[in-house]
Amino acid sequence: MKKIGILLVIILLAFSSFCQSNVPEEIEQTFTIVEQMPLFDGATTQEESTQKVMNYIEQKAEASGVTEKGNVFVNVTIDSEGKVTNANILRGLSDETNNVAITIINSMTTWKPGFQRGKAVDVIMNFVVRFN
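Numbering (mature numbering (1 follows the signal peptide of the UniProt record, and there is no 0)) for the sequence shown: -21 to -1, 1 to 111.
Check before you lean on any hint, since a few could be wrong.
Taking lysine-lysine pairs in the BS3-like style, the calculated list, with each CA pair at most 25 Å apart, reads [to be verified]:
(1) LYS98 x LYS62
(2) LYS62 x LYS48
(3) LYS31 x LYS62
Rather than coming from a laboratory, the hints here were simulated on the basis of the structure.
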(Lines of atoms letter the chains of each structure in order from A and count residues from 1; the text may use other names and numbers.)
(Lines give C-alpha, C1' and ligand atoms only; values in the text may rest on other atoms or scores of the structure.)
Protein backbone atom coordinates (compact mmCIF):
# COMPACT_ATOMS: atom_id res chain seq x y z
CA MET A 1 0.00 0.00 0.00
CA LYS A 2 2.88 2.32 0.84
CA LYS A 3 4.45 1.64 -2.58
CA ILE A 4 1.19 2.51 -4.34
CA GLY A 5 0.98 5.81 -2.41
CA ILE A 6 4.56 6.73 -3.35
CA LEU A 7 3.93 5.76 -6.99
CA LEU A 8 0.77 7.89 -7.03
CA VAL A 9 2.67 10.92 -5.66
CA ILE A 10 5.41 10.50 -8.29
CA ILE A 11 2.85 10.30 -11.10
CA LEU A 12 1.02 13.41 -9.85
CA LEU A 13 4.28 15.35 -9.63
CA ALA A 14 5.18 14.30 -13.17
CA PHE A 15 1.81 15.50 -14.49
CA SER A 16 2.08 18.83 -12.69
CA SER A 17 5.49 19.48 -14.22
CA PHE A 18 4.05 18.92 -17.71
CA CYS A 19 1.26 21.37 -16.96
CA GLN A 20 3.70 24.23 -16.50
CA SER A 21 3.38 26.68 -19.37
CA ASN A 22 6.12 28.77 -20.85
CA VAL A 23 5.86 32.53 -20.54
CA PRO A 24 4.41 33.71 -23.85
CA GLU A 25 6.66 35.85 -25.99
CA GLU A 26 5.58 39.44 -26.38
CA ILE A 27 3.21 39.71 -29.30
CA GLU A 28 3.80 42.49 -31.81
CA GLN A 29 0.83 44.78 -31.53
CA THR A 30 -0.39 47.76 -33.50
CA PHE A 31 -1.87 50.54 -31.37
CA THR A 32 -4.25 53.40 -32.04
CA ILE A 33 -3.42 55.33 -28.86
CA VAL A 34 -0.06 55.19 -27.10
CA GLU A 35 1.71 57.06 -24.32
CA GLN A 36 3.77 59.01 -26.88
CA MET A 37 2.15 59.33 -30.30
CA PRO A 38 4.39 59.49 -33.40
CA LEU A 39 5.80 62.95 -34.11
CA PHE A 40 6.29 64.35 -37.61
CA ASP A 41 9.28 66.24 -39.00
CA GLY A 42 11.16 67.10 -35.81
CA ALA A 43 8.09 68.19 -33.81
CA THR A 44 8.47 68.05 -30.03
CA THR A 45 4.77 68.11 -29.08
CA GLN A 46 1.66 66.43 -30.44
CA GLU A 47 0.13 69.82 -31.27
CA GLU A 48 3.21 70.89 -33.23
CA SER A 49 3.26 67.56 -35.05
CA THR A 50 -0.43 67.87 -35.99
CA GLN A 51 0.15 71.38 -37.35
CA LYS A 52 3.17 70.26 -39.40
CA VAL A 53 1.20 67.33 -40.85
CA MET A 54 -1.72 69.58 -41.80
CA ASN A 55 0.59 72.13 -43.46
CA TYR A 56 2.52 69.42 -45.31
CA ILE A 57 -0.62 67.72 -46.65
CA GLU A 58 -2.19 71.06 -47.64
CA GLN A 59 0.93 72.18 -49.56
CA LYS A 60 1.30 68.84 -51.36
CA ALA A 61 -2.43 68.69 -52.24
CA GLU A 62 -2.33 72.21 -53.72
CA ALA A 63 0.82 71.41 -55.71
CA SER A 64 -0.59 68.11 -57.02
CA GLY A 65 -2.67 69.71 -59.76
CA VAL A 66 -5.75 67.63 -58.89
CA THR A 67 -8.88 69.46 -60.09
CA GLU A 68 -11.40 67.25 -58.30
CA LYS A 69 -12.67 68.78 -55.07
CA GLY A 70 -13.29 66.90 -51.86
CA ASN A 71 -11.67 64.95 -49.05
CA VAL A 72 -9.80 61.66 -49.10
CA PHE A 73 -9.54 59.85 -45.76
CA VAL A 74 -6.39 57.74 -45.45
CA ASN A 75 -5.50 55.18 -42.77
CA VAL A 76 -1.79 54.37 -42.26
CA THR A 77 0.55 52.69 -39.83
CA ILE A 78 3.60 54.54 -38.53
CA ASP A 79 5.85 51.60 -37.72
CA SER A 80 8.34 51.23 -34.88
CA GLU A 81 11.08 52.67 -37.13
CA GLY A 82 9.05 55.78 -38.01
CA LYS A 83 8.15 54.64 -41.54
CA VAL A 84 4.72 55.09 -43.12
CA THR A 85 3.28 51.68 -44.08
CA ASN A 86 -0.05 50.11 -45.03
CA ALA A 87 -1.69 53.23 -46.48
CA ASN A 88 -5.36 52.52 -47.22
CA ILE A 89 -8.22 54.68 -48.43
CA LEU A 90 -11.05 54.79 -45.88
CA ARG A 91 -13.23 57.07 -48.00
CA GLY A 92 -12.12 58.62 -51.22
CA LEU A 93 -12.96 60.23 -54.51
CA SER A 94 -11.83 58.98 -57.93
CA ASP A 95 -9.07 56.38 -58.27
CA GLU A 96 -6.71 59.04 -59.65
CA THR A 97 -7.32 61.41 -56.74
CA ASN A 98 -7.07 58.56 -54.23
CA ASN A 99 -3.69 57.56 -55.69
CA VAL A 100 -2.45 61.15 -55.34
CA ALA A 101 -3.58 61.17 -51.70
CA ILE A 102 -1.74 57.89 -51.03
CA THR A 103 1.39 59.31 -52.69
CA ILE A 104 1.21 62.44 -50.51
CA ILE A 105 0.83 60.39 -47.32
CA ASN A 106 3.59 57.93 -48.28
CA SER A 107 5.95 60.86 -48.93
CA MET A 108 5.84 61.85 -45.23
CA THR A 109 9.06 60.07 -44.30
CA THR A 110 10.40 61.95 -41.28
CA TRP A 111 8.49 60.43 -38.35
CA LYS A 112 9.64 59.71 -34.83
CA PRO A 113 7.83 56.47 -33.88
CA GLY A 114 5.23 56.19 -31.15
CA PHE A 115 6.22 54.74 -27.78
CA GLN A 116 4.35 52.52 -25.33
CA ARG A 117 6.03 51.61 -22.02
CA GLY A 118 9.35 52.91 -23.32
CA LYS A 119 9.31 50.75 -26.44
CA ALA A 120 8.85 51.95 -30.04
CA VAL A 121 5.62 50.46 -31.42
CA ASP A 122 3.48 50.50 -34.57
CA VAL A 123 0.67 53.08 -34.41
CA ILE A 124 -2.37 53.36 -36.69
CA MET A 125 -3.25 56.94 -37.69
CA ASN A 126 -5.86 58.56 -39.95
CA PHE A 127 -5.33 61.60 -42.15
CA VAL A 128 -7.57 63.76 -44.32
CA VAL A 129 -6.21 65.02 -47.65
CA ARG A 130 -8.32 67.99 -48.78
CA PHE A 131 -8.41 68.89 -52.45
CA ASN A 132 -9.86 72.39 -53.04
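Next item on the list: Find the hints from earlier in the document that the structure breaks and name them by number, from lowest to highest.
Entry: Hint check: 2 fails alone, others pass.
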